[in-house]
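There are 4 protein chains.
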Amino acid sequence: MRTTRRDIIVRYAETDAQGIVHHANYLIWFEEGRSDFLRQQGVNYSDFEKSGYFVVVAQAEVKYRAPAFYEDRLSVETTLEKMRGKVLAFTYRVCNQNDDLLAEGRTVHVVLGSDRRPASLPAELTDPLRWSESDE
Amino acid sequence: MRTTRRDIIVRYAETDAQGIVHHANYLIWFEEGRSDFLRQQGVNYSDFEKSGYFVVVAQAEVKYRAPAFYEDRLSVETTLEKMRGKVLAFTYRVCNQNDDLLAEGRTVHVVLGSDRRPASLPAELTDPLRWSESDE
Amino acid sequence: MRTTRRDIIVRYAETDAQGIVHHANYLIWFEEGRSDFLRQQGVNYSDFEKSGYFVVVAQAEVKYRAPAFYEDRLSVETTLEKMRGKVLAFTYRVCNQNDDLLAEGRTVHVVLGSDRRPASLPAELTDPLRWSESDE
Amino acid sequence: MRTTRRDIIVRYAETDAQGIVHHANYLIWFEEGRSDFLRQQGVNYSDFEKSGYFVVVAQAEVKYRAPAFYEDRLSVETTLEKMRGKVLAFTYRVCNQNDDLLAEGRTVHVVLGSDRRPASLPAELTDPLRWSESDE
Chain A
24 MRTTRRDIIV RYAETDAQGI VHHANYLIWF EEGRSDFLRQ QGVNYSDFEK SGYFVVVAQA
84 EVKYRAPAFY EDRLSVETTL EKMRGKVLAF TYRVCNQNDD LLAEGRTVHV VLGSDRRPAS
144 LPAELTDPLR WSESDE
Chain B
24 MRTTRRDIIV RYAETDAQGI VHHANYLIWF EEGRSDFLRQ QGVNYSDFEK SGYFVVVAQA
84 EVKYRAPAFY EDRLSVETTL EKMRGKVLAF TYRVCNQNDD LLAEGRTVHV VLGSDRRPAS
144 LPAELTDPLR WSESDE
Chain C
24 MRTTRRDIIV RYAETDAQGI VHHANYLIWF EEGRSDFLRQ QGVNYSDFEK SGYFVVVAQA
84 EVKYRAPAFY EDRLSVETTL EKMRGKVLAF TYRVCNQNDD LLAEGRTVHV VLGSDRRPAS
144 LPAELTDPLR WSESDE
Chain D
24 MRTTRRDIIV RYAETDAQGI VHHANYLIWF EEGRSDFLRQ QGVNYSDFEK SGYFVVVAQA
84 EVKYRAPAFY EDRLSVETTL EKMRGKVLAF TYRVCNQNDD LLAEGRTVHV VLGSDRRPAS
144 LPAELTDPLR WSESDE
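Here the protein sequences line up with chains A, B, C and D, keeping their order.
Here the first sequence stands for residues 24 to 159, numbered as in our numbering.
Here the second sequence stands for residues 24 to 159, numbered as in our numbering.
Here the third sequence stands for residues 24 to 159, numbered as in our numbering.
Here the fourth sequence stands for residues 24 to 159, numbered as in our numbering.
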């Protein structure tokens, strides 16, 4: 099992009139965590697309525990939970500098080939990720 | 049970490099559906805040079935699933003009008082919503 | 000269911690006005892209006069100021229901061919817009 | 004159169906550069708001020179051009790793007091910025 951490500083544009971060931004931060997870394994998602594969989001869920505020320094922890054939799943935890858990979530992804139908990623793209898959 | 429909035309800014709508926008459309649901019951969420109540998102989930594209005309169907004390839950369906289901989801909300602690909404704010609550 | 009006209701996600609409959203509303302007002349921007043309934003400016708030009903007025060869320019005014001017702006666009170099749009795409060009 | 640099990695959510970054995001990056500029002078914009001052955007302009793509590593250079009484102006340059200039821009800001009327910032908030003001 492998978890990566990506640090983020909350942008003013990410807040809303409640004075806290708007809840949709957590999906964007999860994606940021996911991109960074891949980069840390030496894989760029852009390479997937150049090889003719799209990875689309099939499912997303978020549990919001506590609010985040402008200029908060957060860390997004990303774990590859599962990678089986055409399906990948990641889990996430967003914490602030006091280590309060602000949100946790999960996304499920389906790999599509250039014909936009489900396809398995070739070994050259998945091998660097194999060893980092969660063991649960 | 009461379901409202809100029509939306996909904005260019809502698309991403995959050529389809970025998945985080569905949470924004759900919120748009929710705002419109309340307005159709004669309630404005701004009134909640003026009365000192905040309704925060505690949970969100989306299942993505098919992509949406720039300029697609979509409808967001919003249903009030539950309203018990300090908790509200809504469900959503996003369809395109061919009546293809593109996404469905659910959000759970908690009511906070001006002290930012869970609180029950006063009857004057919930009464207009009572009859529209889902029965299932 | 031709001006179109597009009505918009401010989304909660468009507000920020100042309690007003975040200033970047006006560029998105201008784009929404522009898309609608074209649709009202019987042209879809998607048709440009299908014919191998991209229209990219080369310049944007906004003057902010007064704030907009959640659930405000706004109108975006869009005018085609100029269409010369490879360059288009639009101007915008955003007003609220009291006819207060909230913002005004201008965007300049360059047409690119499929080789991503500046190109002139073919007559079949520009003819429907000719008569609506501003006269000033 | 003082210029700060803030590094940014382009998020997938910031791209659009043209395959490049959507133009509205540059205003968000300018704001990110501005926040970072202030932090580097030991000032937090949150402190302005806690002291009862809002700094609102009165004007924004962007010239787009070349596109940015997903995962590009960019730097946002922010310069305080002017700080006179109730008005601040900043200029920005966004470059990629090849030092190509992708965009440049300028924002003008007005300081409002707690009564939402123009006000001058107190010396304790502006003094740390004085020396960093642009000379040209």
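Calculated directly from the structure, the hints in this document are not laboratory data.
Among these hints, one or two may not hold up.
Each pair may be met inside one copy or between any two copies, as identical chains are not told apart.
Stated by the list, open to error - Here are the simulated lysine-lysine pairs, DSS-like style, with alpha carbons at most 27 Å apart: (1) Lys86 <-> Lys105; (2) Lys109 <-> Lys73; (3) Lys86 <-> Lys109; (4) Lys105 <-> Lys73.
Here's how the hints hold up against the structure:
In this homomeric assembly, Lys86 and Lys105 come within 27 Å of each other (Cα to Cα) both inside a single copy, at 20 Å, and across copies, at 18 Å. In this homomeric assembly, Lys109 and Lys73 come within 27 Å of each other (Cα to Cα) only inside a single copy, at 18 Å, whereas the closest approach across copies is 30 Å. Both within a single protomer and between protomers do Lys86 and Lys109 lie at most 27 Å apart by alpha-carbon distance, with minima of 26 Å and 17 Å respectively. Taking the shortest alpha-carbon separations for Lys105 and Lys73, only the intra-copy value of 23 Å comes in at or below 27 Å, while the best inter-copy value is 38 Å.
Violation of the numbered hints given earlier is absent; every hint is satisfied by the structure.
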